[in-house]
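Number of protein chains: 2
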Amino acid sequence: MPSTALLTDHYELTMVRAALRSGTAFRRSVFDLFPRRLPAGRRYGVVAGVGRALDAIENFRFGAEELDFLRAHDIVDDELGEWLANYRFTGDIWGYPEGEIYFPGSPLMVVEGSFAECVVLETVLLSIYNYDSAVASAASRMVAMAQGRPCIEMGSRRTNEGSAVAAARAAYVAGFGSTSNLEAGRRYGVPTAGTAAHSFTLLHDNEEEAFKAQLATLGENTTLLVDTYDVEEAVRTGVRLTERRLGAIRLDSGDLPEMSKWVRQLLDSLGATETRIIVTSDLDEWQLAALAGAPVDGYGVGTSLVTGSGHPTCGFVYKLVSRADSDADDATMVPVAKKSKNKATVGGRKFALRRLDEKGKAEAEVIGVGTPPVGDHNDRPLLVPLVTAGEIVGREPLAESRERHLSSFAELPLAARKMSRGEALVPTLYLDEDH
Amino acid sequence: MPSTALLTDHYELTMVRAALRSGTAFRRSVFDLFPRRLPAGRRYGVVAGVGRALDAIENFRFGAEELDFLRAHDIVDDELGEWLANYRFTGDIWGYPEGEIYFPGSPLMVVEGSFAECVVLETVLLSIYNYDSAVASAASRMVAMAQGRPCIEMGSRRTNEGSAVAAARAAYVAGFGSTSNLEAGRRYGVPTAGTAAHSFTLLHDNEEEAFKAQLATLGENTTLLVDTYDVEEAVRTGVRLTERRLGAIRLDSGDLPEMSKWVRQLLDSLGATETRIIVTSDLDEWQLAALAGAPVDGYGVGTSLVTGSGHPTCGFVYKLVSRADSDADDATMVPVAKKSKNKATVGGRKFALRRLDEKGKAEAEVIGVGTPPVGDHNDRPLLVPLVTAGEIVGREPLAESRERHLSSFAELPLAARKMSRGEALVPTLYLDEDH
Numbered sequence: 001m002p003s004t005a006l007l008t009d010h011y012e013l014t015m016v017r018a019a020l021r022s023g024t025a026f027r028r029s030v031f032d033l034f035p036r037r038l039p040a041g042r043r044y045g046v047v048a049g050v051g052r053a054l055d056a057i058e059n060f061r062f063g064a065e066e067l068d069f070l071r072a073h074d075i076v077d078d079e080l081g082e083w084l085a086n087y088r089f090t091g092d093i094w095g096y097p098e099g100e101i102y103f104p105g106s107p108l109m110v111v112e113g114s115f116a117e118c119v120v121l122e123t124v125l126l127s128i129y130n131y132d133s134a135v136a137s138a139a140s141r142m143v144a145m146a147q148g149r150p151c152i153e154m155g156s157r158r159t160n161e162g163s164a165v166a167a168a169r170a171a172y173v174a175g176f177g178s179t180s181n182l183e184a185g186r187r188y189g190v191p192t193a194g195t196a197a198h199s200f201t202l203l204h205d206n207e208e209e210a211f212k213a214q215l216a217t218l219g220e221n222t223t224l225l226v227d228t229y230d231v232e233e234a235v236r237t238g239v240r241l242t243e244r245r246l247g248a249i250r251l252d253s254g255d256l257p258e259m260s261k262w263v264r265q266l267l268d269s270l271g272a273t274e275t276r277i278i279v280t281s282d283l284d285e286w287q288l289a290a291l292a293g294a295p296v297d298g299y300g301v302g303t304s305l306v307t308g309s310g311h312p313t314c315g316f317v318y319k320l321v322s323r324a325d326s327d328a329d330d331a332t333m334v335p336v337a338k339k340s341k342n343k344a345t346v347g348g349r350k351f352a353l354r355r356l357d358e359k360g361k362a363e364a365e366v367i368g369v370g371t372p373p374v375g376d377h378n379d380r381p382l383l384v385p386l387v388t389a390g391e392i393v394g395r396e397p398l399a400e401s402r403e404r405h406l407s408s409f410a411e412l413p414l415a416a417r418k419m420s421r422g423e424a425l426v427p428t429l430y431l432d433e434d435h
Numbered sequence: 001m002p003s004t005a006l007l008t009d010h011y012e013l014t015m016v017r018a019a020l021r022s023g024t025a026f027r028r029s030v031f032d033l034f035p036r037r038l039p040a041g042r043r044y045g046v047v048a049g050v051g052r053a054l055d056a057i058e059n060f061r062f063g064a065e066e067l068d069f070l071r072a073h074d075i076v077d078d079e080l081g082e083w084l085a086n087y088r089f090t091g092d093i094w095g096y097p098e099g100e101i102y103f104p105g106s107p108l109m110v111v112e113g114s115f116a117e118c119v120v121l122e123t124v125l126l127s128i129y130n131y132d133s134a135v136a137s138a139a140s141r142m143v144a145m146a147q148g149r150p151c152i153e154m155g156s157r158r159t160n161e162g163s164a165v166a167a168a169r170a171a172y173v174a175g176f177g178s179t180s181n182l183e184a185g186r187r188y189g190v191p192t193a194g195t196a197a198h199s200f201t202l203l204h205d206n207e208e209e210a211f212k213a214q215l216a217t218l219g220e221n222t223t224l225l226v227d228t229y230d231v232e233e234a235v236r237t238g239v240r241l242t243e244r245r246l247g248a249i250r251l252d253s254g255d256l257p258e259m260s261k262w263v264r265q266l267l268d269s270l271g272a273t274e275t276r277i278i279v280t281s282d283l284d285e286w287q288l289a290a291l292a293g294a295p296v297d298g299y300g301v302g303t304s305l306v307t308g309s310g311h312p313t314c315g316f317v318y319k320l321v322s323r324a325d326s327d328a329d330d331a332t333m334v335p336v337a338k339k340s341k342n343k344a345t346v347g348g349r350k351f352a353l354r355r356l357d358e359k360g361k362a363e364a365e366v367i368g369v370g371t372p373p374v375g376d377h378n379d380r381p382l383l384v385p386l387v388t389a390g391e392i393v394g395r396e397p398l399a400e401s402r403e404r405h406l407s408s409f410a411e412l413p414l415a416a417r418k419m420s421r422g423e424a425l426v427p428t429l430y431l432d433e434d435h
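Chains as they are written, first to last, in full-length UniProt numbering: chain A, 1 to 435; chain B, 1 to 435.
Next up, chain A with everything else stripped away, as it sits in the complex:
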């Protein structure tokens, strides 16, 4: 993996340069990565990008190429250049594990170390969390609306080529079954899928030739795209060529609820009762909800998924919340916060708990500073160690993240399964220090 060190805002380095001069660069510090709020109308969010962020931290190294650029542009001086050349993160990070649900204020990542080693990670961590979680949050809603029907992520072409790989991974974390993106398959093991586009049919002298070629190569269980010319004729051709054993047909245009009913009847009348119907035409979670009663067997989702279905970023921020009160070795940690009106942050190192009722349903996000409360509540701790003394300890297979998302989603109130806009599903409770 190439260095991630320059996926960084210019000012992160100039801050460290100035802090080296003022002698404050190595004050012990705690940064929180968190959402101030959910996107308007959204009722929960889904954490994704954790594993990618850990990879990015591991590869946050300044080599000759990076340092030559920084020195040539006078972004770093000799002192900073030397420090960067030896950079590796040596601190501790706790965080919500991948696939977990979050609410306003949830401390998704708590990063502790020297100011300098923590602050330089700000940009790349936010980039990864903001995008991956935006996709996972949209994906989770879509999966809920699909009600068990498989969803295929196929939005690569509608977003940046790097985003496309991340989106495929994030959608998989949140319950999608596969992706069209080959690099997501290679890099992260996400199952890949796909058969043919309209151009394949148009390439051939006629539709039957195209179908024959596809069936001969990919087998009868393949999915034939039937809306290039005339749907009825295409369906009849596909059923005839496979002697009713055609795996699936794909509809990519038209009034999908009506079309799918009509095509189901046609398939059944031809004896192709096992042939599935896949639909793929600018779907989003509302379209999936509208298709719940239609005879559809699977969905391909593109644009709306990879753009976060109206919310392409989560608005996560990364804020210094606590630091040593002096440069001495035995300095005390003190909370710090910006005083501006509309951007207050809560100081200190946090804990976070999902409070569950007697039925195991989430009823509050409980956040506080210091030691978590002990008592009668059924509180599930949310923060796990991700990095300990610089060593990455939070990696896990994507299968575990997928499982976690399922169980965390199952804890949500029933309204999670509705598309209606509203406030966060549960309130965020901030406990004061003497809870």
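It cannot be assumed that every hint is accurate.
Note that the list lumps identical chains together, so a pair holds whenever it fits in one copy or between two copies.
[To be verified] Result set (SDA-like, lysine to any residue): computed pairs, CA atoms no more than 20 angstroms apart in a straight line:
#1 212 x 243
#2 338 x 252
#3 212 x 242
#4 212 x 233
#5 212 x 370
Treat the hints as calculated values from the structure; they're not laboratory data.
Model the placement of chain B on the given structure of chain A, informed by the hints.
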């Protein structure tokens, strides 16, 4: 640059696999990359990503790592694997050069070669064009509203880490002056900028210590962030420490039109008449328009820019529009098009012209198949060679793309400088074959 070959949808390869079997894989083909429409309310778009697309084509190579993955998952068979191992694009590509304006239907890229060599490029070309052009289109509107005041791109943290680099480049093409993103500086030579965040002030025992450290390191011409605690006190401190020679102050919160007036008066009253005011708080093109009358000297724009200001993708498609009518060497090219209702495409290889009136203002986008018309019209050809017989010929310095955007924007009707929603600024005229 690493291989771009797997930034590709699964079905591109299975189509080629089936076309190899049916003997149609090497039929000469023309694909168009184009927008069916502009995003709702937008009146023009800006092409960006051309240079990145050419890099992606050059690095579209299947090495052992890629082929091992594809074979292990039975996505390719031996025949296709062998073909991919030797893949390099040998055809021709024409396109709108970078920075050019576009309208509905503009053939942004015309790709000609064998079906197989053209179709596999679909996903990565669309990914690059769809995202980069979304950012450039938003950036151009922001630059227009900034009315000559410099704009800094600082949205890296709000989008995928790869998108962030592309966004910085695209915004620069469309007129932004600099970026916070260091990798965009290193890779593309985009000027980078930045000074300090709130965390830097909070790190120090008090604001004055923080300002002293920044001034000592970055000089008096630096920009001090003044809204961590109390703006008035911060401004007074900054002016005092620099003996009125402070370069700039930055406001990142509050009612910016009011705040900027008040801070301007304060600075002037303190004798710091040369100190500039930079504002940076979730700005978009409407906010910039609202700030036109305020005493602001520069803008930092983040979230809305990197997410395309409400339109994070352009909806470009890549369609087979023409192909050889047989497998013979002397086959004739015939137009092809999908017959579905709402997705008609125009067949054949296109030309594209910007028709200008006697004052040099754009009055139509003229698109046709075959030979462009000759006559009295003042028609500016829009397509330039990007790849000729597999050789990349369309690379240019970003400075040229920036110049082109300026001159292309200057041709637009005056409404281009307004934020009002509407139809495309000029109509798209499709000429028939015997124009």
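Outcome of the hint check:
1. Taking identical chains as interchangeable, the C-alpha atoms of residue 212 and residue 243 lie at most 20 angstroms apart only when both belong to the same chain, with a minimum of 12 angstroms there against 81 angstroms between chains.
2. In the homo-oligomer, the alpha carbons of residue 338 and residue 252 lie at most 20 angstroms apart only across protomers (12 angstroms), although the nearest pairing inside one protomer, at 51 angstroms, exceeds that limit.
3. Proximity of residue 212 to residue 242 under the C-alpha cut-off of 20 angstroms is restricted to the intra-copy arrangement: shortest distance 9 angstroms within a copy versus 78 angstroms between copies.
4. Taking CA atoms no more than 20 angstroms apart as the test, residue 212 paired with residue 233 passes inside one copy only; the shortest distance there is 14 angstroms, against 77 angstroms between copies.
5. Taking CA atoms no more than 20 angstroms apart as the test, residue 212 paired with residue 370 passes in neither setting, with 67 angstroms inside one copy and 33 angstroms between copies.
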